[in-house]
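Build the full structure now, drawing on both the sequences and the hints.
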Amino acid sequence: MNFAEQLKSQLNIVEVVEQYGVRLKRSGSGLRYVGLCPFHADKTPSFSVNGGLGYYKCFGCGEGGDVFTFVQKIETLTFPETLKVLAERYGIPMPERQRFDDPEAQLRATLEEMHEKAADLFQNNLRGPSGAEARRYLESRGVNKATADEFRLGLSEPSGQQLASRMQSFGADLMEKSGLVIKRDEGGFYDRFRGRLMFPIHSESGKVIGFGGRALRAGDEPKYLNSPETKLYKKSSVVYNLHRAKIDARKHDRMILVEGYMDVIGVYSAGIREVVASSGTALAIDQVRAIKRQIAHQQASKGEIILNFDPDSAGIKSTEKYIPAFLAEGLRVKVLAIPGGLDPDEYIQQFGIEEYRKILTTAASYFHWLADRARAKFDMQSAEGRMDAFNFMWPSIQLVSDKLERSVIASDIANYLNVDREVVMQNFKRAPKSEVSQRPREISSSLPPNEKILLACLLASGEARMAVRHYLASTEEFPPLESRNIFEAVLNVDEEAQAFSLESISKQLDERSHRILTEISFAETPIDEESAAGQALDCLRAFETKANSGRRDTLRRRIKELEANGDFAGALSLAEELNKLDKVNSGGGNRVVL
Numbered sequence: 000m001n002f003a004e005q006l007k008s009q010l011n012i013v014e015v016v017e018q019y020g021v022r023l024k025r026s027g028s029g030l031r032y033v034g035l036c037p038f039h040a041d042k043t044p045s046f047s048v049n050g051g052l053g054y055y056k057c058f059g060c061g062e063g064g065d066v067f068t069f070v071q072k073i074e075t076l077t078f079p080e081t082l083k084v085l086a087e088r089y090g091i092p093m094p095e096r097q098r099f100d101d102p103e104a105q106l107r108a109t110l111e112e113m114h115e116k117a118a119d120l121f122q123n124n125l126r127g128p129s130g131a132e133a134r135r136y137l138e139s140r141g142v143n144k145a146t147a148d149e150f151r152l153g154l155s156e157p158s159g160q161q162l163a164s165r166m167q168s169f170g171a172d173l174m175e176k177s178g179l180v181i182k183r184d185e186g187g188f189y190d191r192f193r194g195r196l197m198f199p200i201h202s203e204s205g206k207v208i209g210f211g212g213r214a215l216r217a218g219d220e221p222k223y224l225n226s227p228e229t230k231l232y233k234k235s236s237v238v239y240n241l242h243r244a245k246i247d248a249r250k251h252d253r254m255i256l257v258e259g260y261m262d263v264i265g266v267y268s269a270g271i272r273e274v275v276a277s278s279g280t281a282l283a284i285d286q287v288r289a290i291k292r293q294i295a296h297q298q299a300s301k302g303e304i305i306l307n308f309d310p311d312s313a314g315i316k317s318t319e320k321y322i323p324a325f326l327a328e329g330l331r332v333k334v335l336a337i338p339g340g341l342d343p344d345e346y347i348q349q350f351g352i353e354e355y356r357k358i359l360t361t362a363a364s365y366f367h368w369l370a371d372r373a374r375a376k377f378d379m380q381s382a383e384g385r386m387d388a389f390n391f392m393w394p395s396i397q398l399v400s401d402k403l404e405r406s407v408i409a410s411d412i413a414n415y416l417n418v419d420r421e422v423v424m425q426n427f428k429r430a431p432k433s434e435v436s437q438r439p440r441e442i443s444s445s446l447p448p449n450e451k452i453l454l455a456c457l458l459a460s461g462e463a464r465m466a467v468r469h470y471l472a473s474t475e476e477f478p479p480l481e482s483r484n485i486f487e488a489v490l491n492v493d494e495e496a497q498a499f500s501l502e503s504i505s506k507q508l509d510e511r512s513h514r515i516l517t518e519i520s521f522a523e524t525p526i527d528e529e530s531a532a533g534q535a536l537d538c539l540r541a542f543e544t545k546a547n548s549g550r551r552d553t554l555r556r557r558i559k560e561l562e563a564n565g566d567f568a569g570a571l572s573l574a575e576e577l578n579k580l581d582k583v584n585s586g587g588g589n590r591v592v593l
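If you read the sequence shown in numbering that gives the first Met the number 0, its first letter stands for residue 0, the second for the next number, and so on.
Just so you know, these hints were derived from the structure itself, not from any lab. Treat the hints with care, since some could be wrong.
What the hints assert, rightly or not - Using C-beta positions, here's what the derived DEER-type ranges look like:
| id | residue 1 | residue 2 | range |
| --- | --- | --- | --- |
| 1 | Asp184 | Thr43 | 53 to 63 Å |
| 2 | Asn484 | Glu112 | 46 to 56 Å |
| 3 | Met379 | Tyr136 | 42 to 52 Å |
| 4 | Gln18 | Ala472 | 40 to 50 Å |
| 5 | Met379 | Arg126 | 48 to 58 Å |
To be verified - The list that follows gives simulated cross-link-like pairs (lysine-lysine, DSS-like), each with its CA atoms no further than 30 Å apart:
| id | residue 1 | residue 2 |
| --- | --- | --- |
| 6 | Lys230 | Lys72 |
| 7 | Lys206 | Lys72 |
| 8 | Lys42 | Lys320 |
| 9 | Lys234 | Lys206 |
| 10 | Lys116 | Lys42 |
| 11 | Lys234 | Lys176 |
| 12 | Lys72 | Lys144 |
Cβ coordinates follow ideal geometry from the N, Cα and C atoms, glycine included.
In C-alpha cells, the structure reads:
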C-alpha cells in the first residue's frame with residue numbers, strides 16, 4: 000500500500016468535508032450524508048457523501064470524487080500538495096521522497112518559504128528602531144503590540160533593497176515568481192513593497208501567501224498595494240482573515256464583511272472574531288462561496304452575512320453590488336450602516352466595542368437598506384420615480400426563491416414604494432426560475448431490483464464481500480447478472496493491498512458502469528452493515544433458483560421434442576438431469592422474490 004492509500008485509510012471523508020464548512024446530515028441508517036454543495040449555488044441538498052466508500056457526489060453540478068479530489072478542488076491544489084496538506088493537518092508522517100517528487104509542489108513549498116521569511120523580516124522591522132513611526136501610527140489607530148503580533152503586522156524597508164538582497168539565495172527565477180520583488184529592465188531586482196505597513200495575507204489553512212501594504216509616507220500611491228497573482232495567491236479566491244474568522248463564524252452561523260484590513264483588525268481585536276475583508280479587491284464568486292462554506296446551514300438556517308462597508312460612495316456601491324451576489328448563494332443578507340459617517344474601526348475607537356455590538360444587532364435586512372436607498376435616490380411622488388425605485392431593487396429581490404419570503408417582500412415593496420402588490424407578484428412569476436438541483440435520470444433503474452440490492456450489500460459490508468466470495472468458490476456457475484462487470488470489479492479489489500473504496504472499484508470500469516455504481520452507492524436502500532451478508536446470500540440463492548428454473552423449462556421442452564422424435568434414450572438422459580435440478584431446488588434455503 001503506497002503512502003496515498005495509507006493516508007486515505009486514516010482519513011474520514013465526512014470529517015474532512017465538514018472542516019470546510021459543509022454541513023452534512025446523516026441520511027438513512029447507513030453512512031450516507033447529504034448537504035448543500037460547496038461547488039455551486041445549491042438551494043436544496045444535492046451533495047452526498049458516502050462515508051463507508053470514501054466518496055462524494057453532487058447530483059446537481061456533477062462534481063464527485065474521493066477525499067483527495069475534494070480538497071484539491073476546494074483549495075486549488077495539485078495532488079502532491081493535497082497529500083502534504085492532509086498529512087500535516089492530521090499529524091501523519093510523510094516520506095521525504097514523497098515530499099519532493101512533484102515539481103509543482105516543490106515550487107509552492109519554496110514560495111511559501113520565501114513568503115514566511117518576508118513576513119518575519121517585515122515583523123522584525125516593525126519591532127526595531129526603524130519601526131517607531133509605524134508603531135506610533137498603529138497606536139493612533141488603537142492597535143496594541145499584542146494585536147500587531149497576532150496579525151503579524153510588519154514594515155517594509157524604504158530603500159527597496161532589503162528583501163531583494165535577502166532573497167538572492169533562491170535564484171532569479173524564483174524571486175520573480177514570488178511577486179515579492181520586481182525585476183529591473185537593466186537587470187537585478189528591487190523590493191515591491193517599500194516603506195509600507197505590511198499586512199500578511201493567509202490562505203484558508205493559515206499559510207502566508209501574499210501581502211497588502213499601506214503607504215505611510217505622503218505622496219506614496221496607491222494608498223494600498225497588494226501582491227500580484229502568483230502560484231500561491233489568487234486574488235479572486237482569497238478572503239482576508241478567513242483562517243481566523245471561520246472558527247467563530249461556524250459557531251454563530253454569521254460572518255461580518257468589512258472593507259479593509261484595519262477594519263478587520265479593529266473588529267477582531269475588540270472580541271468579534273467572525274470578521275473578514277476581500278483583500279482589497281472586488282469580491283468574486285469564489286470568495287462569496289468561501290464565506291458561504293463557513294456559515295451556511297443545510298436547511299434550518301441559511302447563514303447570515305452582514306455587510307459593513309465604509310459609508311462613502313465607494314462603500315455604498317460595493318454594498319449594492321454584493322447584496323445580489325450573496326442572495327444568489329442563498330444566504331441571509333443584512334447591512335450595517337454606521338451612523339456619523341465612520342468606518343467600523345473608527346466607530347470602535349470612538350465609542351467602544353459594546354456600542355458596536357449594539358448597532359450590529361440593529362443591522363437592517365438587505366431589503367430595507369435597498370428600499371431606503373431607492374427612496375433617497377428617486378422621486379417617490381411620481382409614478383416614474385416609483386418605477387425607477389422598483390427597477391433599482393429588482394435585480395436583488397428577484398433572486399429570492401422562497402415563496403413565503405417573496406410574499407412578504409411583495410407586501411413590503413407595496414408599502415415602501417406605493418406600488419401595487421399584485422404587480423410585484425407578477426414580476427416574481429415572470430422572473431427566471433432559480434436553479435433547483437435535480438438528479439439526472441438514473442440508468443441503474445434498468446437493473447433488476449435484486450442486482451441493485453446485491454451490489455448495495457457488497458458496497459456496505461466487508462463481511463458480505465467475504466461471504467459472497469466463499470459462496471462463489473463452492474458453485475460451478477457465475478450468476479447471470481446484467482451488471483456482471485461491476486460485480487466482478489467489486490470482488491476483485493485486493494483489500495489487503497488497498498483500502499476498499501469507490502475509486503478502487505471505478506478504475507476497473509467504463510463510464511456507464513461507473514455511473515451505475517455511483518448511483519447505487521448513494522441510493523436510499525434498506526441495507527445495514529450487520530444484515531448485508533445475509534441479504535447478499537439470499538440474493539445469490541434467488542439468482543440460482545431463477546437460473547435453475549429456466550434450465551428446467553428448457554429441459555422439459557427438449558425432453559418432449561426428443562420423445563416426439565423417438566429418441567427415448569436421449570429423453571431419459573435429460574430426465575435424469577431434470578431430476579437432479581428438482582432435488583437441488585427443493586433443498587431448502589431462503590428465497591428472495593424476483
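Against the structure, the hints:
1. Between aspartate 184 and threonine 43, the C-beta spacing of about 56 Å keeps the proposed range 53 to 63 Å intact.
2. For asparagine 484 paired with glutamate 112, a C-beta distance near 48 Å keeps the hint of 46 to 56 Å intact.
3. Between methionine 379 and tyrosine 136, the C-beta spacing of about 45 Å keeps the proposed range 42 to 52 Å intact.
4. The hinted window of 40 to 50 Å between glutamine 18 and alanine 472 holds, with their beta carbons roughly 43 Å apart.
5. Between methionine 379 and arginine 126 the beta carbons are some 57 Å apart, a value that agrees with the proposed interval 48 to 58 Å.
6. This hinted pair checks out: lysine 230 and lysine 72 have alpha carbons roughly 15 Å apart, not beyond 30 Å.
7. For the given pair, lysine 206 sits about 18 Å from lysine 72 by alpha-carbon distance, which is consistent with the 30 Å threshold.
8. Only pairs whose Cα atoms come within 30 Å are accepted, and lysine 42 paired with lysine 320 is accepted, the gap being roughly 21 Å.
9. With a C-alpha separation of about 15 Å, the suggested pair lysine 234 and lysine 206 falls inside the 30 Å cut-off, and the hint holds.
10. Of the supplied pair hints, the one linking lysine 116 and lysine 42 is violated, its CA atoms being roughly 43 Å apart against a limit of 30 Å.
11. At roughly 16 Å between alpha-carbon atoms, lysine 234 and lysine 176 fall within 30 Å of each other, so this suggested pair holds.
12. The straight-line distance between the Cα atoms of lysine 72 and lysine 144 is roughly 38 Å, outside the 30 Å bound, and the hint therefore fails.
Checked against the numbered hints given earlier, this structure breaks hints 10, 12; the rest are met.
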